[in-house]
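With chain Y fixed as given, assemble chain E onto it according to the hints.
There are 2 protein chains.
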Amino acid sequence: MTIKDIAKMCNVGISTVSRAINDDPGINQETKKRILKVIEEQNFVPNKSARNLKMTEAKTIALLIKGTNNPFFQGMLRIFEQELQKVEYSYLVYPVADDQDETAIAMELVQERRLKGIIFLGGLTEVSEVSLDKIGVPCVRCTVSNPSISVGTKDYAVSIDDRKEAYKAVDYLCKCGHKDIAIVCGREDDCSIGRMRQEGYMDALLDHGISYDPQLVLYVKGEVCEFSAQNGYSTVKALLESDKKVTAIFLISDMMAFGAYKAIKEKGLRIPEDISVIGFDGLDLTRFYHPSLTTVRQPCDQMVKASIEVLLGAINDGNTGEQRIFPAELIVRESVRNIE
Amino acid sequence: MTIKDIAKMCNVGISTVSRAINDDPGINQETKKRILKVIEEQNFVPNKSARNLKMTEAKTIALLIKGTNNPFFQGMLRIFEQELQKVEYSYLVYPVADDQDETAIAMELVQERRLKGIIFLGGLTEVSEVSLDKIGVPCVRCTVSNPSISVGTKDYAVSIDDRKEAYKAVDYLCKCGHKDIAIVCGREDDCSIGRMRQEGYMDALLDHGISYDPQLVLYVKGEVCEFSAQNGYSTVKALLESDKKVTAIFLISDMMAFGAYKAIKEKGLRIPEDISVIGFDGLDLTRFYHPSLTTVRQPCDQMVKASIEVLLGAINDGNTGEQRIFPAELIVRESVRNIE
Numbered sequence: 001m002t003i004k005d006i007a008k009m010c011n012v013g014i015s016t017v018s019r020a021i022n023d024d025p026g027i028n029q030e031t032k033k034r035i036l037k038v039i040e041e042q043n044f045v046p047n048k049s050a051r052n053l054k055m056t057e058a059k060t061i062a063l064l065i066k067g068t069n070n071p072f073f074q075g076m077l078r079i080f081e082q083e084l085q086k087v088e089y090s091y092l093v094y095p096v097a098d099d100q101d102e103t104a105i106a107m108e109l110v111q112e113r114r115l116k117g118i119i120f121l122g123g124l125t126e127v128s129e130v131s132l133d134k135i136g137v138p139c140v141r142c143t144v145s146n147p148s149i150s151v152g153t154k155d156y157a158v159s160i161d162d163r164k165e166a167y168k169a170v171d172y173l174c175k176c177g178h179k180d181i182a183i184v185c186g187r188e189d190d191c192s193i194g195r196m197r198q199e200g201y202m203d204a205l206l207d208h209g210i211s212y213d214p215q216l217v218l219y220v221k222g223e224v225c226e227f228s229a230q231n232g233y234s235t236v237k238a239l240l241e242s243d244k245k246v247t248a249i250f251l252i253s254d255m256m257a258f259g260a261y262k263a264i265k266e267k268g269l270r271i272p273e274d275i276s277v278i279g280f281d282g283l284d285l286t287r288f289y290h291p292s293l294t295t296v297r298q299p300c301d302q303m304v305k306a307s308i309e310v311l312l313g314a315i316n317d318g319n320t321g322e323q324r325i326f327p328a329e330l331i332v333r334e335s336v337r338n339i340e
Numbered sequence: 001m002t003i004k005d006i007a008k009m010c011n012v013g014i015s016t017v018s019r020a021i022n023d024d025p026g027i028n029q030e031t032k033k034r035i036l037k038v039i040e041e042q043n044f045v046p047n048k049s050a051r052n053l054k055m056t057e058a059k060t061i062a063l064l065i066k067g068t069n070n071p072f073f074q075g076m077l078r079i080f081e082q083e084l085q086k087v088e089y090s091y092l093v094y095p096v097a098d099d100q101d102e103t104a105i106a107m108e109l110v111q112e113r114r115l116k117g118i119i120f121l122g123g124l125t126e127v128s129e130v131s132l133d134k135i136g137v138p139c140v141r142c143t144v145s146n147p148s149i150s151v152g153t154k155d156y157a158v159s160i161d162d163r164k165e166a167y168k169a170v171d172y173l174c175k176c177g178h179k180d181i182a183i184v185c186g187r188e189d190d191c192s193i194g195r196m197r198q199e200g201y202m203d204a205l206l207d208h209g210i211s212y213d214p215q216l217v218l219y220v221k222g223e224v225c226e227f228s229a230q231n232g233y234s235t236v237k238a239l240l241e242s243d244k245k246v247t248a249i250f251l252i253s254d255m256m257a258f259g260a261y262k263a264i265k266e267k268g269l270r271i272p273e274d275i276s277v278i279g280f281d282g283l284d285l286t287r288f289y290h291p292s293l294t295t296v297r298q299p300c301d302q303m304v305k306a307s308i309e310v311l312l313g314a315i316n317d318g319n320t321g322e323q324r325i326f327p328a329e330l331i332v333r334e335s336v337r338n339i340e
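Each protein sequence line maps, in turn, to chains Y and E.
For the first sequence, the working numbering assigns the number 1 to the initial residue and increments by one for each residue that follows.
For the second sequence, the working numbering assigns the number 1 to the initial residue and increments by one for each residue that follows.
What you were told as hints is all true, and nothing was included just to trick you.
Chain copies aren't distinguished; within one or between two, either way the pair holds.
The list that follows gives simulated cross-link-like pairs (lysine-lysine, DSS-like), each with its CA atoms no further than 25 Å apart:
1. Lys66 with Lys305
2. Lys8 with Lys134
3. Lys179 with Lys164
4. Lys265 with Lys237
5. Lys32 with Lys134
6. Lys134 with Lys4
7. Lys8 with Lys33
8. Lys37 with Lys134
9. Lys179 with Lys265
10. Lys66 with Lys134
11. Lys134 with Lys33
In short, the hints are calculated from the structure, not lab data.
From a predicted model like this one, the values you see are computed outputs, not experimental measurements.
Pulled out of the complex, with its shape left as it was, chain Y reads as follows (with noise of 0.2 Å):
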C-alpha cells in the first residue's frame, strides 16, 4: 500500500493526497475527509518522506557498527538518534561482525534498502577509492581515520587524531614523574587507532627523555573484542605477577582501564598511591569509578554532528573528499599520582 494506490482509489492525484496528510489548507474540505477516510479504512501510514515535499523519495541512511559490544559506540548511537531526527533522516543501524568485511555489506544494504549514504562507525581506517565507487554513495568514516594519510575525493572521515591524543595521556603520566608506564595496547598485529595511539605513548616518553622499554608494552591476547575489560584485567594482572617495576598504566581504552581496576585491587593494590592509570575514550562510566578515572575524552557530539554534516554535503551537494578532525580533552580524575 503506497501514496500511489490511496490516490488510485480516491479518484485524485498524489500531491492532493499529500495535501490532505499534511493538513495543507490548499484543498477542499469535502476531498480531504474522503481521502483520510479512506487512509483509516485501508489502515495507511503514510512513511516519513510522506510529509516532506519529496514524497517520492525516502530519506534513510545506515549506521554501520564495528564493534557493537562497545559501550563507547552505545553511547554515540543516541546523538545520532537525536542528530538525525533534526534533518528529518530517517536510519538503520546495522551490526557488522568482526570478521565480516563493512564495504561489502555497504554494497549490498545500499541497493537492498535504496540508501542515500553511510556512516561507517569503528573498523577500516582506510578505504579503497574502488570499494567506494562500488557502493556508490557517499560512505563517512565516523572515529576511524588517520591525519597522516590524506583523503581521497570520495572518502569522507571524522575522527580524534589518536596519536596525538594518546600523547596526550602519557606526557600527562611523564609529568607527574612517572618514568615506568606500562601501554596495553590491542592486538600485535593491529594497524588501525590502536596503533596509532601507541605511537603516540611512544612519542610522549620519547620528548620526555624516558628509553623505551619493549616490557611495558602489552598486547592483548584475545581473538575478539580486544578492547574489554576482560582483556585489560588479564594483561595486566599477567603484568602484576611478573617482577617488572611499573607506576603508571596507559590502556587505550577505558574498558579495559576496568578491568586492569580489577587486576590491581586483586593483587591487594590501591589506585593512585601504588599504580596509577589512565584510560581512553570517557565513557561516562569512568566517572562512577572509585577513584575516578582519568580519561582522555573523545568529542562525541561534535564528531556526530560533522559526520552528519560532511554526509548531507556529499549526498546534496556533491562535495568533494574531507578529513575533520577534532581535538579529544584530558580529564585529570583521581586515578593518577604525582609521584615527584
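Positioned in the frame of chain Y, the structure of chain E alone reads:
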C-alpha cells in the same frame, strides 16, 4: 537494479539468473557466464533472498529497542546477530526514544520496509490487540512481559518472571541475616518491570517476617535513563547521608549497582563489610568490579533464541499468541556478607 533488470538485460527468466547466482548445476555454462558478466558490469549485488529459493520475498525483521543506552540490550544485540544469521534472516535495529510510542513506529516501519516481523526489546509490558492488528505482522516482546497477565491470540512475549527473580535476590539477603534492606527502584510512577521487581522485594520481606519500611524503598528522581549508574549513585548517596540504618541494598539493575558502589566507597564504607550490595541483570562488567557484584543473571541467550523461534512460528506457521517465561539465576559473588 533488481534481479528482474538483470534478467531483462540477459533476455532470460528470473529463475535462470537465480541459478547463475546460486551456482545451480541445471544451467547452461555459456548462459551462466553471460549472466555473471552482466552482473559484474552492472555492479549488481544480489540480495540475500536471491540466494534462497523465494527470490521475491526479502526475509527481514526489525528490532525496536527502547533504552539504547542500556548495556543489557547491547549484549543481547550480539546474540540476535548470531541467531538471525543462522535462520537466514536479515534485520534492522531501530532505537526508540523514551518518549516515542514503539507501536506507532512499528506500523510505519512495516509499511516502509516490508518487514516480516518485529521484536520489541524493552518498553511495553502490555500491548493492545488493536495496536497489534494495525501493525499487521507478528510482534514479540522480548524481556518485558507480566506472567500474571495472559496474552491474547496475537501477543507474543518472552521474558523472565521479574517478580519471582527479584524475590530470589532479596530472599538471599534475608538468609544472610539482613533485616534492614533498602531497594532502589525506578521512578515512582513506573508500572513496568521495575514495579514487578519491587513486588518481589515485598514478597521476600513478608516471607521472612520483616516488616515493610517505606523509608527504605527508594525511587529514582531522574526524568530519563532510570536504571543508570547516575541514578544509582545519587539515590544511594542520599540514603547514606540520612541516618537510616541499612545493612544491604538491592538495586533493580546492575548499572544502578555500579553507581551505588561509588557512593558507598566515597562515604568511606566497605563492600560488603559495612554494606552488602546486590544487582540485577547479570552484565558482563559485574565480574570486573571489586568486589565482584552478586547479581541475578537473565538468560539472554535463551530469551533471544526463544524470541526468534516464537516469531518464526508466528510468521511461517501462523502460531497463536504465547508467552514463554525463563528462569534467571542468582550469581553469588563477593558483594554480600553473611551477618548472622
